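Here are the chains, one letter per residue:
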Amino acid sequence: MKEFVTITIDDQEIKARPGEYIVDAARRNGIYIPTLCNMSGVKPAGSCRICTVNVNGRLMTSCTTPVAEGMEIETISQEIADFRKTVVELLLIEGNHFCPSCEKSGNCELQALGYRFEVMVPRFPYQFPKRDIDASNPKLIKDHNRCVLCKRCIRTILDEEGHHIFAFRYRGHQLQITIDPEYGMNMTDELAQKAAKNCPVGALLYRGKHGFEIPIGKRKYDKEPIGSDIEKLKKVKIS
Amino acid sequence: MDIKRVENIVANYNRDKTRLMDMLIDIQTEAGYIPAGAIPVIAKQTDTSQAYVEQTVSFYHFFRREPSGKYTVFLNSSVVANMMGRDKVARTFEEEAGCKFGEVTEDGLIGLFDTACIGMSDQEPAALINGKVFTRLTPFRVREIIRNMKKGNSLDELSTSGYGGGKNASELIRAEVRNNVQRQGPVMENDYTPGTVLREKLKHFSPDEVIWEIKLSEIRGRGGAGFPTGLKWEFCRRARGEKKYIFCNADEGEPGTFKDRVLLTEYPELMFEGMTLAAYAVGASEGILYIRYEYKYLENYLKHVLEKMRQQNLLGKNIAGKEGFDFDIRIQYGAGAYVCGEESALLESAEGKRGEPRFKPPFPVEKGYLGYPTVINNVETLCTAVKIMQFGSEWYRSLGTQESRGTKILSISGDCRYPGIYEMEWGYSVNDILDMAGAYDVQAVQVGGPSGSLIGPDEFDRIICYSDLATGGSFIIFNNTRDILKDVVMNFMEFFIEESCGSCVPCRNIPWLLKQKLEKILQGHGVWKDIEDMEEWAGMMRINRCGLGQTAANPVVSSLKNFRALYEEKIQKGKRFDEGFNLEKAVIESCEAVGRTPLI
Ligand SMILES: Cc1cc2nc3c(=O)[nH]c(=O)nc-3n(C[C@H](O)[C@H](O)[C@H](O)COP(=O)(O)O)c2cc1C
Ligand code: SF4
Ligand code: SF4
Ligand code: FES
Ligand code: FES
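Heads up: the protein sequence lines correspond to chains D and B, in order.
This note's numbering numbers the first residue of the first sequence as 1 and each following residue consecutively.
This note's numbering numbers the first residue of the second sequence as 240 and each following residue consecutively.
Keep in mind the hints are simulated off the structure, nothing from the lab.
Take these hints with a grain of salt, some might be off.
What the hints assert, rightly or not - List time: in silico DSBU-like cross-link candidates among lysine-lysine, alpha-carbon distance up to 30 Å:
1) B:Lys-814 x D:Lys-85
2) B:Lys-256 x D:Lys-194
3) B:Lys-599 x D:Lys-197
4) B:Lys-440 x B:Lys-556
5) B:Lys-599 x B:Lys-482
6) D:Lys-197 x D:Lys-209
7) D:Lys-43 x B:Lys-606
8) D:Lys-2 x B:Lys-482
9) D:Lys-85 x D:Lys-218
10) B:Lys-592 x D:Lys-197
11) B:Lys-725 x B:Lys-814
12) D:Lys-130 x B:Lys-759
13) B:Lys-547 x B:Lys-371
14) D:Lys-194 x B:Lys-283
15) D:Lys-85 x B:Lys-754
16) B:Lys-599 x D:Lys-43
17) B:Lys-556 x B:Lys-542
18) B:Lys-606 x D:Lys-2
What you are looking at is a predicted structure, and each value in this text was computed from that prediction instead of being measured.
For reference, chain D alone in the conformation it holds in the complex (with noise of 0.2 Å):
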């Protein structure tokens, strides 16, 4: 198998691994595409589709699509701006999202790329859905007002076995996440933490701990906008 492909970022040439998927090979090299579903070394879900960029010009989802040689990669565009953006939108306006009292803020990933995709005001009317916090977990509060759907806790969050603790419930417009009642009863402190931290807005919060020992300010998007890290590496490399 070859060492490496060349694959072109919005004009700029790229070596990339091979297999690699076009968001990991971007942000090698200090290109930042949002994700929202996706974790770096999990099997991706292509679910939240705030990912999507142009690839030879058709769209395609970066944590989903693995690199290939001469991949001509479009990120930046009105319309990929404007993808980006309604995600969000259609994310804050689909459930309950009411960030000063809730304890992930400055740690939300949707509130971090509202921010960094200047969502004002949504195009879209909110919703306001009535919709339940689920607090019958010893370890784990369950806030259906304020999850995205991202899969990561069904996909990550499996005891020694195997069993899945997380699934999803009904589909479309009803779709919803529910925990196991018996695997989700015995679940591990570790794995109920790891369950809290692997969720990117505040809809599984861990109960052992006191969610505000970081004042709201000093939090991790408090001090710098989300993709910034990534960034950063890039401006490493030039100098």
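Add chain B with the ligands to chain D, keeping to what the hints say.
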């Protein structure tokens, strides 16, 4: 249903979680619903979790969570059903049964539920009652059916209108479904002896030569996407895998399509032979017919056909005397989810999961069922492939047009004299087809089902072919009495909202938002900006993962394009935005209601 029985059912499928659909379907069929107590048992036995089992159960329309009546009625609520008088029929059901749709009678005898198109658009209104199909329903017949239910009659006894034609009347089917074959072509010709191609042609053709012949014919997939069949087979042949699979896609969920149902009823041997031919070409050893739950009434018959073909050595070992060519087919049912017609969702479903489409690449020909290279073809494609082998690619290429070879089976329904199945060469205009089906005073035609396009008279000279109006075969006709926005566009949007798997952010939300806009416009509150918004928002559907999401705004997009005046008529003129609420008018109305004189 007791725990022992659930365990038995799970054991019948070797406690294999990839057979979860089969287990659930057996439980549903036997108990009439999936009892809550069954879920932990299945989870334990298959070594999954309850959440995992529940994920599959809750995805499918026909898996009920509560007892749904000794007689469970699923009345079709598609556009065509409505046009053919569903409303009266539904009201009669409610009155006679004594409960509303979505409910079960207090004594648990009758449950009434809506369902999406059940593939009977040429004989609507139609319903499934405990899996049996009842067509051409009228208030009179509904009264009769309910009377018989109250007497506790068997399903067969409920059916009082006699059996439909052809194989529908056979002992193994006994359905009142009609074939309504209005026009036969080479694929549906009756003079074919099943097995001829396997017996006569495989002697002279190597697998590569079969693929070559199919490629030469230039046939493209008949399921809607139109991918070249020969190329698909070639990719799969070249793909590396310990095993390979052939799937026949008989999910036929696009509202207004029913041609696969007729092929399955009258020509199942041809379709199974097509699967076997494909297996020979790509080197597959197992085949699966994925068929929608709505067609479960064909179960015994199809099993019988498979058994007969095994006896005739057209399936099994050393097929048709070809040393080492082993292949067999099993049947997999869906459970009510349109999206499972999408090929990768179909694979997920066949693996016992929720029918969520996969992202591509990888394509099924590389990594399909259980990770093995898999060919998925439509029923019609497979039937046609056999005819191509019989008469040769040259013959086939002489039919149709330059870039759309051969014939297409259309499912025609709606406002016309002769609804039914028409096998036509590609290349006729919409006008030709309307004239053929006896359709007059036509306001609009929906070509390709809700995901296709809605066209008006100024486009009736367009041609049915891949380069102009491509179609999987659904052709619904609306005359001048129909309210396009209210009856058609709204119904289609509701269909997509119901059927989205919910994974992609735009697909889960935008159809819902478009429906709200449409409601606003229909209620007379719309303004110019609403039309602009709808257009803009629909454009966002392009980033969805699968064909469902990518086309789910089409009813709005194509009606805005071709019937824009209907929208413009209904919006408030000269207003930039809608106040939403007219205080003055509301005060006057409420005063009237209580008999006071308004002060304003
Ligand atoms: C939402 C959706 C539903 C579909 N439903 C069907 C179907 O019911 N039957 C079918 O043959 N193809 C259906 N397709 C197309 C299949 O994905 C696939 O392209 C087809 O089965 C391939 O067979 P063909 O090449 O023989 O046409 C559907 C596609 C989408 C996106
Ligand atoms: S709970 Fe969190 S991780 Fe799980 S799907 Fe919802 S947002 Fe994603
Ligand atoms: S487009 Fe819709 S139906 Fe298709 S995968 Fe996405 S959410 Fe599911
Ligand atoms: S990050 Fe790629 S689809 Fe969500
Ligand atoms: S701030 Fe984003 S979900 Fe709470």
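Results of checking the hints against the structure:
no., hint, verdict
1, B:Lys-814 x D:Lys-85, "holds (28 Å)"
2, B:Lys-256 x D:Lys-194, "holds (27 Å)"
3, B:Lys-599 x D:Lys-197, "holds (29 Å)"
4, B:Lys-440 x B:Lys-556, "holds (18 Å)"
5, B:Lys-599 x B:Lys-482, "holds (21 Å)"
6, D:Lys-197 x D:Lys-209, "holds (12 Å)"
7, D:Lys-43 x B:Lys-606, "holds (15 Å)"
8, D:Lys-2 x B:Lys-482, "holds (28 Å)"
9, D:Lys-85 x D:Lys-218, "holds (25 Å)"
10, B:Lys-592 x D:Lys-197, "holds (27 Å)"
11, B:Lys-725 x B:Lys-814, "holds (23 Å)"
12, D:Lys-130 x B:Lys-759, "holds (22 Å)"
13, B:Lys-547 x B:Lys-371, "holds (24 Å)"
14, D:Lys-194 x B:Lys-283, "holds (25 Å)"
15, D:Lys-85 x B:Lys-754, "holds (21 Å)"
16, B:Lys-599 x D:Lys-43, "holds (13 Å)"
17, B:Lys-556 x B:Lys-542, "holds (18 Å)"
18, B:Lys-606 x D:Lys-2, "holds (22 Å)"
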